[in-house]
Structure formats: C-alpha cells, structure tokens
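**Student:** Residue numbers (my numbering), protein chains in the order written: chain A, 19 to 337; chain B, 36 to 396.
Treat the hints as calculated values from the structure; they're not laboratory data. Ideal Cβ placement from N, Cα and C applies to all residues, glycine included. The reader is advised that the hints may include incorrect statements.
[Stated by the list, open to error] Ranges between beta-carbon positions, derived for each pair: (1) A:Val54 with B:Ser191: 36 to 44 Å; (2) A:Gly136 with B:Pro149: 17 to 25 Å; (3) B:Gly199 with A:Val54: 49 to 57 Å; (4) A:Val37 with B:Leu124: 39 to 47 Å; (5) A:Ser221 with B:His195: 20 to 28 Å; (6) B:Asn214 with A:Pro233: 40 to 48 Å.
[Unchecked claim] So these bits of chain A aren't anywhere near chain B, every CB distance computed over 10 Å: (7) Val54; (8) Val142; (9) Leu212; (10) Tyr223; (11) Ala249; (12) Asp261.
[Said to hold, decoys possible] Capping the alpha-carbon separation at 25 Å, the derived lysine-lysine pairs in PhoX-like fashion look like this: (13) B:Lys174 with A:Lys215; (14) A:Lys215 with B:Lys376; (15) B:Lys353 with B:Lys369; (16) B:Lys52 with B:Lys353; (17) B:Lys125 with B:Lys52; (18) A:Lys138 with B:Lys125; (19) A:Lys39 with A:Lys138; (20) B:Lys125 with B:Lys174; (21) B:Lys353 with B:Lys310; (22) A:Lys215 with B:Lys353.
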Amino acid sequence: MARPSLTRLFGPIREARGVPKWVVIAGIAITIAFVVFALFAPWIAPYDFDTYRTADGVRFPKQGHPSGDHLFGTNVQSTDVLSRVIYGARTALEVVILAVIFSLAVGLPLGLISGYFGGKLDRVLLLVMDSLFAFPYLLLAIVVAFLLSDRLGRGVMTAAVSISVVYVPQYYRVVRNHVISVREETYVEAARALGAKPRTVISRYILQNVIQNVPVIATLNAADAILTLAALGFLGYGIQPTDAAEWGYDLQRAISDAGAGIWWTGLFPGFAIVTLVTGLTLLGEGLNDVLNPVLRRRPIQAVILPERQSRLPAGEAGV
Amino acid sequence: MSTNGAGAPLVSVEHLKVYFPIRSGIVLDRHVGDIKAVDNVSFDVYRGETLGLVGESGCGKSTVGRAILRLYDPTEGRIVFDGQDITELKESQMRPLRRRMQMIFQDPFASLNPRHSVGRIIGDPLRAHGLAKRGDLSKRVRELLQVVGLPPDAGSRFPHEFSGGQRQRIGLARSLALNPDFIVADEPVSALDVSIQAQIINLLERLQGEFDLTYLFIAHDLAVVRHISDRIAVMYLGSIVEISPAEELYENPLHPYTIALLSAVPIPDPEVEAKRETILLAGDLPSPANPPHACRFHTRCPYIQPTRCTTEVPALRKLSDGHVVACHWAEEIKAGRLRPKEREAVAEQPLLQPAEEPPPV
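Given these sequences and hints, build the entire structure.
**Tutor:** Next up, the structure:
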C-alpha cells in the first residue's frame, strides 16, 4: 500500500501548475532543510549547543562578533550562535512532531466519536472543546506547562504536551464537522444497512474520507506550534536552557544585547523561527491548494479553432 | 390487509408512524413540531412477491423502506419480519437479521464508497458478518460479479471507473452477497437511463426467481413498477391510499390520486394520447409537518365532495379481492357516477354537486 499512497500524495503535486506548485516546492525545500539540520545537528554544527570553550579549555569570546571561528558570533554565555540555531531546529521539530502526534491522537478519535454518535456526548465534548478554544492559547499553554513541570520536569515532553493541549480543539472541530457530513453519505448508510458494526463503519468508511484533511491542518498547526514554543521559551516557561537549545529562549537573552548594537545574538534565532514558520505555512497552504480539487486551478489552454470555410459566395458574405 | 393466498407474510407493517422532530432554539432544543413522513401505514409483503410502493417525491415511501430495515427508528407501530417483531430490537440484536434483509439504493454514485475497490465493496457484507475467509471471499466476489453480469476483473477496479448501470449492478451484487430473503429496492432505476432501466429491471426479476427473493420496490415511475410488481401500494403524503394487484390497479384504479397518477402517464400513441382525458392535479404537495385534516388528498382531489371529504379520515376499505382503497367515494367513482371536476368548471363551481346521495355505510 505504500506505493499507491505515495503516488496519491505526490501525483497531485507533480500535476499542479503555477503558483500552488511553487508554493509547495518552496515549502518542501525549507522544511527539508530544517529537518536535515535537526537530524544531523551534531555533524553540521561546529560546537555543541552549550559549549562555551574550546577543547583546550580556552573560553570563547563573550558576545563575540561573527568571525571565522564563530560564523554567527557568540552570545552572552559565550556559546556559539550558529550551533545554537542548528540545535534549536532539532528541539523545535522534536517538540512540534510530538505535539502534532499528541493532539492528533486525542483530537481525531474524539472528533470521530463525537461526530458519528452525536447526542449528549457530542454536546458535552463540543462545550469542553469550545471553552478550550475560547481560552487565550498562550495562557493555556503556560498553565499546562506550569502544572506539568512538577511531574515531567521542564523538558521536551512538557513543552509538547502543553502545546498539544492548544491544538486538540482544532483537530476535534475539523474532524467532527467533516464526520457529520460524511455520516450522511449514502454509502455510510449502506454500510449500516448491510450490518456493519459502528467500529467498522467509523474506521473503514468515515476515517478514510476524513483523513485527507489532516495533513494540511497538521502542517499549518505545526507552523503555529513553532511560534507557541518560541513564545513559551521567550516567557521563560519553555524548555530548561540546560536541556536543549531553544530559539525563544535565545531571543529573550538577546533583548539586552540589541540595545548595545549586538545584533547577531537576536537576528539569527529570530530568522530561523521566521523561516521555519514560513516554510511550514507555505507547505500547508500549498498542500491545501494542490490536494483540494475545489481550490485547484489549472490553466485553460487556448482553443484554436480550425479555419472556417465560408459557404457563402464572396459577394453575399458581407450582407 | 389484503391476502394473496400466499401464506404468512414475510414482512408486516402495522400502523407504522415515522415522525422527524422539528427542533428550534439555540441552547435548549425545543420540540416545536413533527414532519409526519409516515403516518399510520399498514401493509404486508408476502414471500416471493414484489410489492411496488409508488408515490410522488416526499410522500414518505423511502422512509417506509428505511424504517423496515430499522435505518430510521419508527415513532409508533410495529414491524414484523418473518414472525419476529423487530420494532424494538437493539442494533446489536438487529445485526444477525440484517443478513436476511438488504437494501438497494437509488443513487448508484453515492451508495458506493469511492475509496474502496469493487471487490471490497461486494465483500464487505461478508466481512461485516464474519462469514468469509480470504480465499472464499474472492471466490464469492467473482461469483457475485458473474451473477449480476459484470466481468470477473471488475473486482479490482474502483466505482468511478463504471457507468451508472454497472454501478447499480455492483450495488445489487453487494445486496445479494449475504443471500438475503428480502430486499428493499429504493428507486433502484430512477437514476439510470431508460435503456439501462430495462436491463436492471430484468436482472432484478431474474435474480428474484433464482434466489427466491422478496422485493419491496419503491419507485415513482408507474411504468417501471407495473413491469416488476405483483401488487402495488400507492402512497400520498405519508399514508397509503390504495393497495391492489398490479394489473387490477392499472385497469381499474379506484382512488382519485391513483386515477390522476395513471392519467399522467403518457401513452406512446399520438392519436390515443390526443383523445384521452387527463386529470391534472392542482396545487403542490401539502407540508407533511401540517397535513390536511380528514382525507389528506382533499386539497387537490378532482372528485372532492362537500360531505365527508373534509371531515372524516377515510379508512382503507376492501372493495374487491386484494384491492383496498382509502376513499369515501370509491364505489361512486368506480361506477362512473362521479366525474372529475373540469378545470374550466373550477372557477364557476368550486365544488361539484354529488350526482347522487352517498351510499349508506
């Protein structure tokens, strides 16, 4: 099944034309670049994210200007900015992938059950999810991060869970609403008429037709989650600085540098955030344009009609 | 009801009512009324026969079919399948019975899952009931494809690769997979081209003989129903107005609604067509949320009388063997003593005077 599903995903991208195609390709390129940074950080980055001296024990310059040794300079703790940016990609992707998995794992089944069975359960779930939705998302993430930090510590896991709490209602909402419309399709009714159990109906008939929206939402949410993670780090509720390099935290440390004309400590992590968010957003929007046939536009080729043979004698043609 | 001398009915519907609630309000769902889709319908379907159920769009004929299969829950009344009351059965108790009662849907494009292969669609009933091992399953699928006249390699293709008639054959193969006794065919040919309709109808008839099937055949096309049905029930606005053996209904319709329906069927002979009398029904189908009192047809009936029609609900009465009708004036109409209102006459004379005194009841 791997091949057909891959061609099903890449087929439309190959067929796409014009702007949507380039949007997807730009999104894929940027995202892949960051994935490569994340996977191979130890080999790409010149130093470890918390290294502040050379192997000989010589301390790096403090807030050193970009130079041959330190391409992006060093920060107030004498660590290499380039290495922190590259390791930051690893942290960001780890957290975001976990967050997307968690919020899908909760939001998708709840949306399926709520949409398919309806009734009281649906009403209660809807109320809970809508209240979560109405909550300021950053506040919600901070509260959850705060509550979890006692039990899980302040690592990648805590950040992922607190971010996923923010996105569960989105998945739930989209899946539930789609299920409600698919549930009324005749082929679902046909499945019930032939005696399929609700579990079979949901997994074989409904899920298959609902799942197609998920890649788009997941990618767009991932972009949003990068920002949430950075905001958490910036406000000091994110990942413990000793655990991992995190762009939001670096930005926060760079605030005081900015006034002193030290631009490199803030610019590069900020640039990384903007680029990754842009890349994921382009990918998500592009996928939406490419996968959603309603939005898909193909250029209409000019119609060339063959030369028309006039049957009228030349004299009468102008009458 | 009417007996055909064919023993006990396979399906009995007794005083069936299916109401769909109309709700309004944002926080509290207030129940403000009901769509009376099916209101007090009773009939039997005998083993081996085809009962045609006709009526115009929105008269509740599909709802009756779906209620028998318990796809909709009946509001009131009883549904008996092969001697067993299935009205109150839970879904889990219903499941074994679903092996014996299947459905064919109107829209051959919507009723097949676009993401499943044809083989999977046809095998699904077997899989849902845990009846098939892998090897048997593909064998059975090929067998079913052959029965409905599709090539054996159709199993690996997807529904969008087939035409409407072929898709309806796929739907048919699916409904036959479990060897059912009873099939509700909900307008199985109305979405098809006329030339394809005949093929599917003939196939349905052949399969009926071959597999000993009983059909409830829902349609709005009288010509189609005539061809396949043994008996025909005519529905109007949620209730049955007439049940009769098929030929009898066409030769001798008794209810004004049936008469009007039959007179609307064009006759493919221009001379006859020009001479014959057609009865056009005035007005639209009234709302099933608020059906007319007494006889539901009185707002559109060309034979309406000043007495009884607007005050008394007509019961289904037996007029001849196997022919029941719900009209107070059926005998008068049959005897030709009542004439339909001329359309011109309507303006001058809103109600026709009864030709004679109504017969004592």
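**Student:** Could you work out which of the previously given hints the structure breaks and list their numbers from low to high?
**Tutor:** Those not satisfied are hints 4, 9, 10, 14, 19, 20, 21, 22.
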